[in-house]
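With the hints as a guide, dock the two chains, each given alone in a separate frame, to form the complex.
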Amino acid sequence: MNANDVIESYVTDVALQLPRRQRNDVAFELRALLNEELQARAEAAGRGADAAMATEFLGAFGRPAEVAARYRPTLTIIDPADGRSFLRATVIGMAVIWILGLVGSLRQPIDSGGWDLLSVAGHWWGSAVIPSLWWPGMLVVGFGTAAWVRRRWPQSGAWKPRAGDRIEGGRTALVLGLIGIVCGIYVLIEPRWLLDVVWDGRAAPAAYEALTYTETFRQRQAPWLLALLLLNIPILATVVVQGRWSAGMRRFATAMGLATCAAMVWTIVDGPVLMTPSGDGTAKGLMGLIVAISLLGYAIQAYRRVRPAPG
Amino acid sequence: MGDADAFGKLELELRRGVVVLATLSQLRGARYGYELRQALADRGMPIEEGTLYPLLRRLETQGLLKSEWKIEDGPPRRYYSLNGDGRKLLKRLTDAWRGLNGAMDRLLQED
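Sequence order for the protein chains is A and B. With our numbering as the guide, the letters of the first sequence map in order to residues 1 to 311. With our numbering as the guide, the letters of the second sequence map in order to residues 1 to 111.
One chain only, chain B, in its complex shape (with noise of 0.2 Å):
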């Protein structure tokens, strides 16, 4: 039990540190939540509604994303995409996780 509570607490841990680039990983064209949210899951990246949503709203906040109105086939829909800081941070955090997975790898192996 407790080992489970533990390894449930820790891989939380792991993922949240990869929410942030996950998302901005599917941004490179428009999507609204909901399509973002599926894409992820369908790539094996499954988010929380509750987690993915307001963080699309705190990364427009910080200048990450660009957003607008949209209505195509449906309701009107949010659709969200990378601007160019996002871009920028995107290339930044895709270069430093390949230098930080492969460090794990290496660690890892020696084992």
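Pulled out of the complex, with its shape left as it was, chain A reads as follows (with noise of 0.2 Å):
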């Protein structure tokens, strides 16, 4: 190989990321350029011209990647000032998926009554950790479409002041979350009017026996969860009609959520809450679903908050 050979192949490299229509024009373009700065090295050099020369030369000019695209505008997909958020959306939804599938995986094997470690593993990499990949494909997505409605529409992306004392999803949400309450109240005082509601007193005997209440849940958690729930009520009903939130009913509020949280724990912990083990699992799960998200909300609020102070 001889120093044009390097030359016509790193043209040529270069060429094919280029689009059809300038593709020849810049090559031999280029190639006149390349061919003309290493005649001049190699008389600088006080020898001819070879490969070893060529390769240097064309290492110092850069991959022929970068360099066909430094002869196009720059298209960026994600924003390099939503760089971080993307890395941190990624890593955090991986690890949530991966985790949930690792237990996932290891509930598998202990279901059908066998358990080692290589099957394990192998459940947890093909039905989690590869199709896993969704989401960051879906990040792309998001963040690529953000960005590029930004720059298409500069002043959807224009920032506007949030008040702290503002109610997230407004009045709505909050009048929603009302109905939320009560509805849980409904069903804690007493989850067969479930069926009733929705069979017309039809269903079977089974089902009002799954959702009957054991006699410790009633004497020991049901009070203190009924208390919270309906303590919550005065609460959003007060903001509703203020449409804000004060500092103290965001703290009372929060305290609130905390310790309903706890209450469930306690539930879930304590023992059987539903007479049929299977409803009483269907119900503690939901019971742990809601306690996770809570406190997931709780700390991603922590995580967000800002207090200014000297350093």
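These aren't lab readings, by the way, just hints derived from the structure by calculation. A portion of the hints provided could be inaccurate.
[Claimed, not checked] Interface residues of chain A toward chain B, partial, derived using beta-carbon atoms under 7 Å:
| hint | residue |
| --- | --- |
| 1 | E37 |
| 2 | V67 |
| 3 | R70 |
Keep in mind the model is a prediction, meaning the values are calculated, not measured. Each residue gets a CB set at the ideal place from its N, CA and C atoms; glycine is no exception.
Listed below in structure tokens is the structure:
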């Protein structure tokens, strides 16, 4: 391979990454310029240009992909300003998917009677790790679309001040929350009412039995859970009327939420809630999910809190 | 080591800011890529080949330069020069640069 071959190979690699309409023209010009540059170097070095000299020169010129990119306007998929948010969302999302997948894989062999590390790892790899790639893909599409919208309609990305006492989601969200709490109280008092509402009282007796509370739960946790849920109603109703959160009201609501989470954890670990094991497992699973989502929400709130102070 | 790295990066940032103005300033008359790079280097503004040659194409795509292939005592070469819009932009950038340069001189003299 001589110097010309090296340059020819480099020019081809650059040109292949350019749009077809400018490919040949750029290749012709680039080849002439590179030859001229190399000739000048060879003369300065006092020897003829060879493959080694050409390779060294082209190494300094840049990777063909980088050089080709310089011929075109910069293409940005994800805004550099969003880079850290993208990375954080990717890592957290993947970690959650992998952990949930691992828990699922660990349960799988236990349910079917066998357990060995290799089959668990294989199941986890196939059912959670590889399929989890949908998550970064979706984030790329989301962040990329947001960046494109901001470039296309710059005003859409303009910063707007947000009041610290605003209601997230507005009054509508709070009213929906109130309705949810009333429904929760309704179910807490007598879950079998659900069957009456859905099946008009014609559900199978086994279904009624599945939704019957144990006496222990009625005596111990139910009054606390009911009281905590009831206390949320005047708080949310006041915020709906006032149209804003006061600092005291927000602290009180957070304390109430944490107390409710504690009561639910107590319920989960203390003993059966419903008469049948399957119903009990489902109810505790739902409570566990509510606790996890609530605690995650509080953790995010705490993480996002800014208290300006000298460092 | 850290200081040298930081200086290198910051100096590169400074140079990047003036590459377009330096290039436009040397294209009042027609020049081809290698000749332009030599002209810039002779006047104390060396620009890497891998930066300069693609930049000429980008400026042409942006409608600031015109170009044509010519054969003058050698192989065919593509000659670039400013067009009307390029000349207007050069004037505006020159004024901006002089204003900036004056401001920086004042700022640095205060030390």
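| said: Of the numbered hints stated earlier in the document, which are not met by this structure? | reply: none
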